[in-house]
Structure formats: C-alpha cells, structure tokens
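K.L.:
Using our numbering, read the sequence shown as starting at 218 and increasing by one per residue.
Hints were generated in silico from the structure; no laboratory data involved. Note that this is a predicted model, so its numbers are computed, not measured. Hints are supplied without guarantee of correctness; some may be wrong.
What the hints assert, rightly or not - Below 30 Å or equal to it, Euclidean Cα-Cα: the simulated DSSO-like pairs (lysine-lysine) are:
1. Lys232 x Lys323
2. Lys220 x Lys425
3. Lys399 x Lys459
4. Lys323 x Lys459
5. Lys459 x Lys220
6. Lys362 x Lys232
7. Lys255 x Lys425
Stated by the list, open to error - Beta-carbon label-pair distances, calculated as ranges:
8. Thr291 x Leu328: 17 to 27 Å
9. Gln298 x Asp326: 22 to 32 Å
10. Asp259 x Arg464: 46 to 56 Å
Note that beta-carbon positions come from the ideal geometry of N, C-alpha and C, so glycine has one too.
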Amino acid sequence: MLKVYKYLPFSEGSKRILSDGTMKFSHYSDFNDPFDCKTAYDIEKSMEYVNTRPDIFSEAGRQLGLSKIGLEQTKDKMLSQMRASLETGEFHEGIIGEVGICCLTKTPDNLLMWSHYADNHKGFVIEFTLSHKDYEMHMGNVEEKLFGWDVEYSNNMPMITAGTRDFNAVKDVFLTKSLDWKYESEYRVLAMQKGPGIHNIDRSMITKVIGGVNISDDDFDVLKSLVHTLSMSDTCNPKIIKAQMSRDQYRLEAT
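Using the sequences and the accompanying hints, generate a full structural model.
P.N.:
Below you can see the structure in the form of structure tokens.
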C-alpha cells in the first residue's frame with residue numbers, strides 16, 4: 218500500500234474530486250517551475266538516431282501523403298527541419314504538450330506546500346491509499362488508479378537523444394526536477410494517452426481529508442458534508458480531520 222496526497226485550494230474544481238471523482242491533469246505550462254519537463258538534447262546523437270530509423274521517415278511521408286520517391290526527394294529537407302526543431306525547442310514542446318500530469322506528494326504536513334498549493338493553509342489535502350500489486354491491470358487506466366512514479370531530483374538537466382522511447386527517456390523528461398524542489402517529495406501520474414484535462418479517478422482510494430489550520434468553519438463544514446456523502450455512496454469510509462499547529466515546534470499535526 219502507498220499513501221499519496223494532493224494539496225488543494227478550497228475551490229469548485231477541488232471539491233469535485235470528492236463529489237464527482239474527477240481531477241485535473243495539467244499541461245506542463247501550468248506549473249510554477251519554468252524548468253519543469255525541460256531537458257537538454259544531444260543534437261548530433263539525435264540526428265544519428267533518426268537516420269537509423271527509416272520508419273520515422275515512412276510515417277512522416279504517410280502523414281504528408283508523399284510517395285516513396287517523393288519521400289526520398291524531401292529527406293534532406295526533413296532532416297534539416299528536424300535539426301532546427303531540436304535546436305529551437307519546438308520538437309520538445311510538441312512532445313511534452315501532449316501529456317497530462319497529476320502532481321501528488323508523499324507527505325501531508327509540509328508547511329511550504331500547505332502555503333503554496335493549499336491557499337496559505339485555507340484549503341485542504343486529500344489522502345489516497347493506492348494498491349498497485351496488479352501492475353499490468355493498472356497500465357490501462359493509470360489516471361483512474363493514480364498509477365505513477367516518484368520524481369527524482371538533480372542539479373543537472375538530463376541530456377537525452379530524440380526519438381528514444383524507453384522508460385529512461387520518460388523519466389528524464391517528466392520525472393526529473395531540480396534539487397531545489399526535493400522538499401516536495403513528488404509523485405506523478407502521467408496521462409500519456411488521454412493528455413491534459415479533467416479525468417475520472419477511483420474515489421474508493423480516498424482514505425482521508427485534512428482541512429488546513431486556516432480553513433474557515435463554513436468551508437470545513439462543506440468538506441465534512443462531502444466526505445459524509447462520499448462514505449455513503451462509495452466503497453470507502455474516509456476520515457476527515459483538521460490540521461493542528463504544534464505548540465512547541467514549527468510542525469503540523471495532520472495524521
């Protein structure tokens with residue numbers, strides 16, 4: 218079992234996670250880190266790799282409606298355009314823009330995250346308890362089951378070769394961030410097929426809702442009502458608590 222958490226402001230979209238079982242998978246441009254999903258490309262190795270993949274050109278020619286002869290005549294031009302798109306970043310932007318990303322964390326009591334992502338402690342956190350023992354089953358519905366991976370942190374931006382499709386390439390692009398973000402202990406779910414947008418999740422994974430220390434009484438009452446309704450309609454019975462400030466430490470009690 219794995220417990221992961223989503224920090225949220227008290228908003229209509231956030232409440233729909235509890236009421237409707239829908240959650241946002243973001244476009245990378247929504248993130249507050251301009252380096253997120255950025256990588257460096259080895260241009261020469263990328264071009265060498267493309268030259269070893271005639272299927273890439275065949276697919277490009279098919280999409281452009283080119284004959285075999287026409288494809289051969291335009292190959293050099295296509296290679297030149299490929300190099301230019303790698304150098305300008307256009308190639309990379311096209312790839313990462315097609316993936317939806319849901320950011321969660323493994324810690325529910327980080328003071329900075331409560332401030333940054335839960336509206337200065339006026340929002341709430343949802344705990345999900347995940348069971349991923351049936352790996353193959355979840356690969357077809359990663360969004361619904363929140364099947365994801367831990368983010369790794371590094372001082373160096375990954376250097377990748379364009380066109381490679383193994384998991385290391387996915388990790389380098391979507392699951393590597395600066396060491397400055399290590400405190401977030403991030404866990405990411407990648408919607409590779411469905412892309413960015415609002416996707417359904419399995420609400421039975423919700424096991425706890427934590428109100429922030431600054432949440433208003435009215436908003437906390439709304440949360441309690443949503444959790445009560447959820448416990449009546451799904452196969453789960455989530456707890457609801459309100460985070461408390463420690464009396465003698467810079468620490469939240471949120472368990």
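K.L.:
It remains to establish, for every hint, whether it holds in the given structure.
P.N.:
Evaluated hints:
1. Proximity of lysine 232 to lysine 323 is assessed by CA-CA distance (about 21 Å); at most 30 Å being required, the pair is judged to hold.
2. Distance check on the hinted pair: lysine 220 and lysine 425 sit about 10 Å apart at the alpha-carbon level, within 30 Å; holds.
3. Straight-line distance between C-alpha atoms of lysine 399 and lysine 459 comes to about 26 Å, which keeps the hinted pair within the 30 Å bound.
4. Taking the CA atoms of lysine 323 and lysine 459, the gap is near 18 Å; set against the 30 Å cutoff, the hint holds.
5. With a C-alpha separation of about 18 Å, the suggested pairing of lysine 459 with lysine 220 holds against the 30 Å cut-off.
6. Distance hint between lysine 362 and lysine 232 is fulfilled; the C-alpha atoms sit about 19 Å from each other, no more than 30 Å.
7. Restraint check for lysine 255 and lysine 425: the C-alpha separation of about 34 Å exceeds 30 Å, so the hint is violated.
8. In this structure the supplied range 17 to 27 Å is violated for threonine 291 paired with leucine 328, their Cβ-Cβ distance being about 57 Å.
9. The given range of 22 to 32 Å is broken by glutamine 298 and aspartate 326, whose C-beta atoms sit roughly 50 Å from each other.
10. Hint check: aspartate 259 to arginine 464, Cβ distance near 54 Å, so the stated range 46 to 56 Å holds.
Going through the hint list in order, the structure does not satisfy hints 7, 8 and 9.
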